[in-house]
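Peer 1: What follows is the residue order along each chain.
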Amino acid sequence: MTTTPSELAAPRTQRRPAARRSNFELYSWLFMRLSGLVLIILVLGHLLIMNILDGGVHRINFAFVAGRWSSPFWQFWDLAMLWLAELHGTNGLRTVINDYARKETTRFWLKMLLYASAVLIIALGSFVIFTFDPNISN
Amino acid sequence: MTTTEAAPKPAPVPEGSRTVTLKIQRFNPEVDDAPHFETYDVPALPTDRVLNLLFYVKNYLDGSFAFRRSCAHGVCGSDAMRINGVNRLACKVLMKDMFAANGKQTTLTIEPIKGLPLEKDLYVDMEPFFEAYRAIKPYLMTYGNDPTRERIQSAADRARFDDTTKCILCACCTTSCPVYWSEGSYFGPAAIVNAHRFIFDSRDEGAEERLDILNDVEGVWRCRTTFNCTDACPRGIQVTKAIQEVKRALLFKRT
Numbered sequence: 001m002t003t004t005p006s007e008l009a010a011p012r013t014q015r016r017p018a019a020r021r022s023n024f025e026l027y028s029w030l031f032m033r034l035s036g037l038v039l040i041i042l043v044l045g046h047l048l049i050m051n052i053l054d055g056g057v058h059r060i061n062f063a064f065v066a067g068r069w070s071s072p073f074w075q076f077w078d079l080a081m082l083w084l085a086e087l088h089g090t091n092g093l094r095t096v097i098n099d100y101a102r103k104e105t106t107r108f109w110l111k112m113l114l115y116a117s118a119v120l121i122i123a124l125g126s127f128v129i130f131t132f133d134p135n136i137s138n
Numbered sequence: 001m002t003t004t005e006a007a008p009k010p011a012p013v014p015e016g017s018r019t020v021t022l023k024i025q026r027f028n029p030e031v032d033d034a035p036h037f038e039t040y041d042v043p044a045l046p047t048d049r050v051l052n053l054l055f056y057v058k059n060y061l062d063g064s065f066a067f068r069r070s071c072a073h074g075v076c077g078s079d080a081m082r083i084n085g086v087n088r089l090a091c092k093v094l095m096k097d098m099f100a101a102n103g104k105q106t107t108l109t110i111e112p113i114k115g116l117p118l119e120k121d122l123y124v125d126m127e128p129f130f131e132a133y134r135a136i137k138p139y140l141m142t143y144g145n146d147p148t149r150e151r152i153q154s155a156a157d158r159a160r161f162d163d164t165t166k167c168i169l170c171a172c173c174t175t176s177c178p179v180y181w182s183e184g185s186y187f188g189p190a191a192i193v194n195a196h197r198f199i200f201d202s203r204d205e206g207a208e209e210r211l212d213i214l215n216d217v218e219g220v221w222r223c224r225t226t227f228n229c230t231d232a233c234p235r236g237i238q239v240t241k242a243i244q245e246v247k248r249a250l251l252f253k254r255t
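Respectively, the protein sequence lines represent chains A and B.
Residue numbering for the first sequence follows my numbering, starting at 1 and increasing by one per position.
Residue numbering for the second sequence follows my numbering, starting at 1 and increasing by one per position.
Keep in mind that the hints were calculated from the coordinates and are not lab data.
Remember, it's a predicted structure, so these values are computed and weren't measured experimentally.
We put the beta carbon where it would ideally sit given N, CA and C, even for glycine.
Incorrect hints may appear among the rest.
[Unchecked claim] Derived SDA-like pairs: lysine to any residue, alpha-carbon spacing no greater than 25 Å straight-line: (1) B/253 <-> A/33; (2) B/120 <-> B/38; (3) B/137 <-> A/24; (4) A/103 <-> B/34; (5) A/111 <-> B/181; (6) B/253 <-> A/103; (7) B/241 <-> A/111; (8) B/241 <-> A/103; (9) B/241 <-> A/95; (10) B/253 <-> B/144; (11) A/103 <-> B/13; (12) B/114 <-> A/97; (13) B/253 <-> A/97; (14) B/241 <-> B/85; (15) B/92 <-> B/41; (16) B/58 <-> B/73; (17) B/120 <-> B/63.
[As the list claims (entries may be wrong)] Partial pick of chain A residues on the chain B-facing surface, computed with a CB cut under 10 Å: (18) 26; (19) 28; (20) 71; (21) 72.
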């Protein structure tokens with residue numbers, strides 16, 4: 001080989017940056033497990049109510065939604081489901097991007113796109129749940 | 001060395017052997033653009049190991065065939081390769097376990113381990129693997145004055161990390177890990193196993209430092225618990241269990 005000594009890295013040079021002492025990856029890992037457990041109850045309950053009980057999907061109309069959201073319990077249920085599902089999915093896609101994006105710039109922009117969409121959906125969903133007006137005309 | 005090509009002796013076929021087809025991935029960086037498969041028919045005894053068949057190819061059929069081996073007895077960990085799609089040491093796979101049933105033709109597919117840069121035939125560049133190994137500081141770390149006598153350890157304390165002392169750094173586990181295939185900066189199972197060996201050693205005082213390293217982006221949280229590493233380990237180390245124990249230490253002993 002034609003490698004000159006000046007091109008070689010010095011022995012024992014550290015190639016990895018020092019550990020950051022951050023627990024972010026730990027908490028995101030933990031969040032996936034805990035939110036997954038809660039989502040099993042929330043999502044299966046939601047599917048049961050919306051699709052199976054009392055005639056299922058055919059009785060869903062504006063009045064049905066308005067009636068449900070007049071109760072703080074269902075408001076909280078839907079809000080929890082929205083936030084947990086969106087953050088759970090975002091975090092899952094973040095790990096997929098971390099695993100499979102080859103270039104640093106691709107990784108950055110894919111994550112930006114992901115975070116922007118997550119913020120938009122959470123904000124829009126929360127806005128609708130909190131400001132829903134059952135007496136809206138036409 | 002004799003180089004007479006006048007009358008090459010026919011390759012010997014031992015008594016009681018069966019003919020086995022080896023489908024070997026070949027790559028010569030000076031000639032080939034991409035790796036390709038070549039097949040070789042070789043005689044195999046039930047007591048042969050896959051390594052013996054590779055030597056048969058090298059010694060009698062194609063001397064340019066390149067692969068690593070050192071001790072050839074499952075101790076040094078040089079001859080890790082993908083045999084029929086799973087990572088094994090070629091010197092620890094007996095042919096009697098590989099023969100097809102009912103006397104059908106046996107075909108073995110031999111590939112280099114995945115996820116490391118391919119250099120030639122079954123040779124891969126092991127440097128990224130050993131870089132991850134060095135990064136977890138695989139040596140005894142202590143602070144303060146050294147004791148005047150040896151460092152005493154109880155049998156129970158020794159048993160705590162016994163499983164992970166068995167690692168021979170063959171890279172079977174790390175190169176069977178799908179996360180490592182796609183993201184080479186992940187420390188990989190082998191590095192975590194060797195960190196585990198010191199984190200749970202009662203004589204060592206560097207556990208906090210190693211846990212910090214494994215708590216970062218490239219550390220244990222990358223593990224998807226697919227158990228490929230445990231299945232691949234030729235030493236029978238419970239690799240995934242060791243990784244989970246490091247996760248547990250991070251979750252419950254700290255934070």
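Peer 1: With reference to the structure, classify each hint as holding or not holding.
Peer 2: Hint check results:
1. Proposed proximity of residue 253 of chain B and residue 33 of chain A is supported: the alpha carbons are some 19 Å apart, at most 25 Å.
2. Proposed proximity of residue 120 of chain B and residue 38 of chain B is supported: the alpha carbons are some 14 Å apart, at most 25 Å.
3. About 23 Å separates the Cα atoms of residue 137 of chain B and residue 24 of chain A, which keeps this hinted pair within 25 Å; it holds.
4. Note on residue 103 of chain A and residue 34 of chain B: the hinted pairing holds, with a Cα-Cα distance of about 23 Å set against a maximum of 25 Å.
5. Proximity of residue 111 of chain A to residue 181 of chain B is assessed by CA-CA distance (about 21 Å); at most 25 Å being required, the pair is judged to hold.
6. A C-alpha spacing of about 36 Å is found between residue 253 of chain B and residue 103 of chain A, which places the hinted pair above 25 Å, so the restraint is violated.
7. The straight-line distance between the Cα atoms of residue 241 of chain B and residue 111 of chain A is roughly 31 Å, outside the 25 Å bound, and the hint therefore fails.
8. Taking the CA atoms of residue 241 of chain B and residue 103 of chain A, the gap is about 32 Å. The hint is violated against a cut of 25 Å.
9. Between residue 241 of chain B and residue 95 of chain A the CA atoms are separated by roughly 22 Å; this keeps the pair inside 25 Å, and the hint holds.
10. Our distance criterion of 25 Å between C-alpha atoms is met by residue 253 of chain B and residue 144 of chain B, whose separation comes to about 23 Å.
11. Distance check on the hinted pair: residue 103 of chain A and residue 13 of chain B sit about 52 Å apart at the alpha-carbon level, beyond 25 Å; violated.
12. Of the pairs offered as hints, the one joining residue 114 of chain B and residue 97 of chain A holds, with about 21 Å between alpha carbons and a cut-off of 25 Å not exceeded.
13. Note on residue 253 of chain B and residue 97 of chain A: the hinted pairing is violated, with a Cα-Cα distance of about 30 Å set against a maximum of 25 Å.
14. Between the alpha carbons of residue 241 of chain B and residue 85 of chain B the distance comes to roughly 23 Å, so the proposed pair stays at or under 25 Å and holds.
15. Distance check on the hinted pair: residue 92 of chain B and residue 41 of chain B sit about 21 Å apart at the alpha-carbon level, within 25 Å; holds.
16. Restraint check for residue 58 of chain B and residue 73 of chain B: satisfied, since their Cα atoms lie roughly 19 Å apart, inside the 25 Å limit.
17. Annotation: proposed proximity of residue 120 of chain B to residue 63 of chain B holds, straight-line Cα distance about 13 Å (limit 25 Å).
18. Annotation: residue 26 of chain A was flagged as interfacial toward chain B, and the flag holds, the nearest CB pair being 6 Å apart, inside 10 Å.
19. Interface hint at residue 28 of chain A: satisfied, since its Cβ lies 7 Å from the closest Cβ of chain B, which is below the 10 Å cut-off.
20. For residue 71 of chain A, the suggested interface contact is broken, since its CB lies about 37 Å from the closest CB of chain B, more than 10 Å.
21. At a threshold of 10 Å, the smallest CB-CB gap from residue 72 of chain A to chain B is about 33 Å, leaving the interface hint violated.
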